[in-house]
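A.B. asks: What follows is the residue order along each chain.
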Amino acid sequence: MIVELSVALSVGAGLFAVGLYGALSQTNLVMIMMGIELILAAALVNLVAFWRYLHPDVISGQMFVLIVMTVMAVEMAVGFGIAVARFRSRGSVEMEEARELKG
Amino acid sequence: MTMLALTLLAPMLAALLVFASRRLPEILALAGVALGLLGATAQLVAVAGGKTLLIILPFLPDMPIRFEATPLTATLSLVVATVAAFVVLYAAGYMRQDPQRVRFFGTLLLFVTAMQGLVLSGDWITLLATWELIGFASYLLIGFWHHRPGVAAAATRAFLYTRSADLGLYIGAFLLIGVAGTSEISATLATTGTPALIAGLLLLVAAMGKSAQVPLQDWLQRAMAGPTPVSALLHSATLVAAGAILLIRVAPMLPGGALLAIGAVGGITAVITGLMALAEKDLKRLLAASTSSQYGLMLVAVGAGVPFAALLHLIAHAAIKSSLFLGAGVFQHDRNSTGMAALAGAGRARPGIFAGFALSALALAGIPPLAGFFSKDAVIAAALASPAALWLAPLALAATVLTGAYMGRVLRVLWVGNKGEKPKPVPYMAAGLGVLVGLAAVLALAFTPLDRFLEADMAEAGLLAPALGLLAAVSGLALGWLFTPARLLGPVLARAQRGFAVFGGMDGLMARPALVIAEACERLEKWLYELVLGVGRINLLLGWLARKTDTKGIDGSIFGLVRQTIATGTRARKLQSGFIHREMALAVIGMAVVAALLLAAPLYS
Numbered sequence: 013m014i015v016e017l018s019v020a021l022s023v024g025a026g027l028f029a030v031g032l033y034g035a036l037s038q039t040n041l042v043m044i045m046m047g048i049e050l051i052l053a054a055a056l057v058n059l060v061a062f063w064r065y066l067h068p069d070v071i072s073g074q075m076f077v078l079i080v081m082t083v084m085a086v087e088m089a090v091g092f093g094i095a096v097a098r099f100r101s102r103g104s105v106e107m108e109e110a111r112e113l114k115g
Numbered sequence: 063m064t065m066l067a068l069t070l071l072a073p074m075l076a077a078l079l080v081f082a083s084r085r086l087p088e089i090l091a092l093a094g095v096a097l098g099l100l101g102a103t104a105q106l107v108a109v110a111g112g113k114t115l116l117i118i119l120p121f122l123p124d125m126p127i128r129f130e131a132t133p134l135t136a137t138l139s140l141v142v143a144t145v146a147a148f149v150v151l152y153a154a155g156y157m158r159q160d161p162q163r164v165r166f167f168g169t170l171l172l173f174v175t176a177m178q179g180l181v182l183s184g185d186w187i188t189l190l191a192t193w194e195l196i197g198f199a200s201y202l203l204i205g206f207w208h209h210r211p212g213v214a215a216a217a218t219r220a221f222l223y224t225r226s227a228d229l230g231l232y233i234g235a236f237l238l239i240g241v242a243g244t245s246e247i248s249a250t251l252a253t254t255g256t257p258a259l260i261a262g263l264l265l266l267v268a269a270m271g272k273s274a275q276v277p278l279q280d281w282l283q284r285a286m287a288g289p290t291p292v293s294a295l296l297h298s299a300t301l302v303a304a305g306a307i308l309l310i311r312v313a314p315m316l317p318g319g320a321l322l323a324i325g326a327v328g329g330i331t332a333v334i335t336g337l338m339a340l341a342e343k344d345l346k347r348l349l350a351a352s353t354s355s356q357y358g359l360m361l362v363a364v365g366a367g368v369p370f371a372a373l374l375h376l377i378a379h380a381a382i383k384s385s386l387f388l389g390a391g392v393f394q395h396d397r398n399s400t401g402m403a404a405l406a407g408a409g410r411a412r413p414g415i416f417a418g419f420a421l422s423a424l425a426l427a428g429i430p431p432l433a434g435f436f437s438k439d440a441v442i443a444a445a446l447a448s449p450a451a452l453w454l455a456p457l458a459l460a461a462t463v464l465t466g467a468y469m470g471r472v473l474r475v476l477w478v479g480n481k482g483e484k485p486k487p488v489p490y491m492a493a494g495l496g497v498l499v500g501l502a503a504v505l506a507l508a509f510t511p512l513d514r515f516l517e518a519d520m521a522e523a524g525l526l527a528p529a530l531g532l533l534a535a536v537s538g539l540a541l542g543w544l545f546t547p548a549r550l551l552g553p554v555l556a557r558a559q560r561g562f563a564v565f566g567g568m569d570g571l572m573a574r575p576a577l578v579i580a581e582a583c584e585r586l587e588k589w590l591y592e593l594v595l596g597v598g599r600i601n602l603l604l605g606w607l608a609r610k611t612d613t614k615g616i617d618g619s620i621f622g623l624v625r626q627t628i629a630t631g632t633r634a635r636k637l638q639s640g641f642i643h644r645e646m647a648l649a650v651i652g653m654a655v656v657a658a659l660l661l662a663a664p665l666y667s
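One line per chain: the protein sequences are H and F, in this order.
FYI, the working numbering numbers position 78 of the first sequence as 90, with every residue one higher than the one before it.
FYI, the working numbering numbers position 312 of the second sequence as 374, with every residue one higher than the one before it.
Extracted from the complex, chain H is given alone in its bound form:
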């Protein structure tokens, strides 16, 4: 079955909208990070779709996706590290309460 490029891009856009909403509406650090993951995933979907439909013979698109996935994993590790540390010290990961970085 042939799926149209526009369909893939629509899926990506939907994924992005869900992620954006999640990142902006949630107060829990874990939930915000999940939103951000969704945004990145949307970007990856778009990237793969463009590669598959416009330049299927160039492998650099695939490589780029793999690198972004690695970066996502590292980012998640750092983010959850911060969340665990914060939970240990403050007993909460609610970002409404985290105002220490105010200038």
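Simulated from the structure, these hints should not be mistaken for lab results.
Check before you lean on any hint, since a few could be wrong.
Some chain F residues flagged as far from chain H (calculated, every beta-carbon gap over 12 angstroms) [stated by the list, open to error]:
#1 Glu88
#2 Leu202
#3 Ala326
#4 Pro413
#5 Ile429
#6 Val475
#7 Trp477
#8 Gly482
#9 Trp543
#10 Phe545
#11 Leu607
#12 Gly640
#13 Ile642
Each computed EDC-like pair below joins lysine to aspartate or glutamate, with the alpha-carbon atoms no more than 16 angstroms apart [to be verified]:
#14 F:Lys481 x F:Asp396
#15 H:Lys114 x F:Glu645
#16 F:Lys484 x F:Asp396
#17 F:Lys486 x F:Asp396
#18 F:Lys636 x H:Glu112
Note that this is a predicted model, so its numbers are computed, not measured.
For glycine and all other residues, C-beta sits at the position ideal for the given N, C-alpha and C.
With the hints as your guide, set chain F onto chain H.
C.D. replies: Then chain F, alone, in the frame of chain H:
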């Protein structure tokens, strides 16, 4: 050579012994001067035998210390030794009661040593050194009774007057050394032309200071503050004589111009200080003024070109003036004063001493056959024969009249008056006085041999000079005996008593120029001070500028940059809310703006 050394060393060793042992100063001093006299006599005998005694000691390169006994210097040395010996004999009696005898005799011997050194010196360096030594020793001796009021000032004055004039000797001597290339006096006398004239005038200045010539005559009268034996020594053969001796020694070198100046200074001094002597109210000060006057006559003789006449008068005067002072000292002892009023009749109380004093006074006035007659005769003859006879001879004759007048006055004052009680005998003083008076009387016998000995060319005496001299002397004595100074001098009296303070006297001639120089120096000093201060101020300003540049400029810009950075950071921190949702919302808005711009690209590109 042994004799020469003995002449010099005997008084010096005696002085050292006196100071080292601090006892028996009279005996040691007498032994020293007696040995010195012996040495000087033997030395003269040796020189008369045709030898020239010479001692050369190594000193500066090519300028050794020379002592030489030529006919002239040996004669002078004998004069010094003789006067010194009998003055010391007299002083042994005069200073009998003084608790400071050690200091007195020690200094006196030093003085005699220095004078012998000066007379016998054969090079300018030695002459300068001994010249300084007699100046220093005379300062010590004049100021001997320094605890009495005014004595220290008199000593300082004598020292400063002679010192200022010594500048002439220094420059003159160094000029001669520079021109001749050697410091030997006899060699430098070959100098001719302008250097000789300049050096002659400079040496005249030195002689004017030491021999108390107008206008530097003032210190000599004040130097009477010292003990009488000191005055006797100072006035006859030593300190004051040094000036005349210097001129006599350099006379062969002097050109016409210098002779003219010497004659003028001598003639004027002879008359002016003669007037001062006549007007004087104090016996010792009178004798002091008379000393200046007689040295003026010697300068006239030198100026007339006959230094031998000056030498004769110097020798005669040495004996005469020392005996006069010694006599005056006896009278001073009796009356405890040297004021003419206090001394009235003092001579009648001591006929023996008075006879000696009177004999010397007549000799000084110039009565034959005493020594003064012949020496003054020689001076007058020289003045008459000189090219400048027109004014030198009247000055010399006037001085002779004045000499007679003040001596006549002194004799009258000492003889006429209340004689008081009988005084105690004074053997030592009488002995010293007696010998010197004897010399003053018979010295003339030695003049003719001396003339041959020195091979001097005297001015042809003739009959005119002795006749004029005798006339002047007798008329002067008569005037002095018969009339008071007030009647003789009339309106001049008051001025003469003030020492003819022309142009403000010494104050005008020395003190004021010195003050002007001092003021100029002070101004220069102040100016230099201001200059140094100014340099300092400029330096301070530079330092201040450097500090300002450092603090305001460099530090300021660095700290300003830091402050601005901090301020910018502070302002930038305000953007940070620390509220993660807002940051994210802002990011989304940013992305939306970017997307909008990209989407709108076809509209504006």
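A.B. asks: Tell me, which hint numbers fail for this structure?
C.D. replies: The structure breaks hints 12, 13; every other hint is satisfied.
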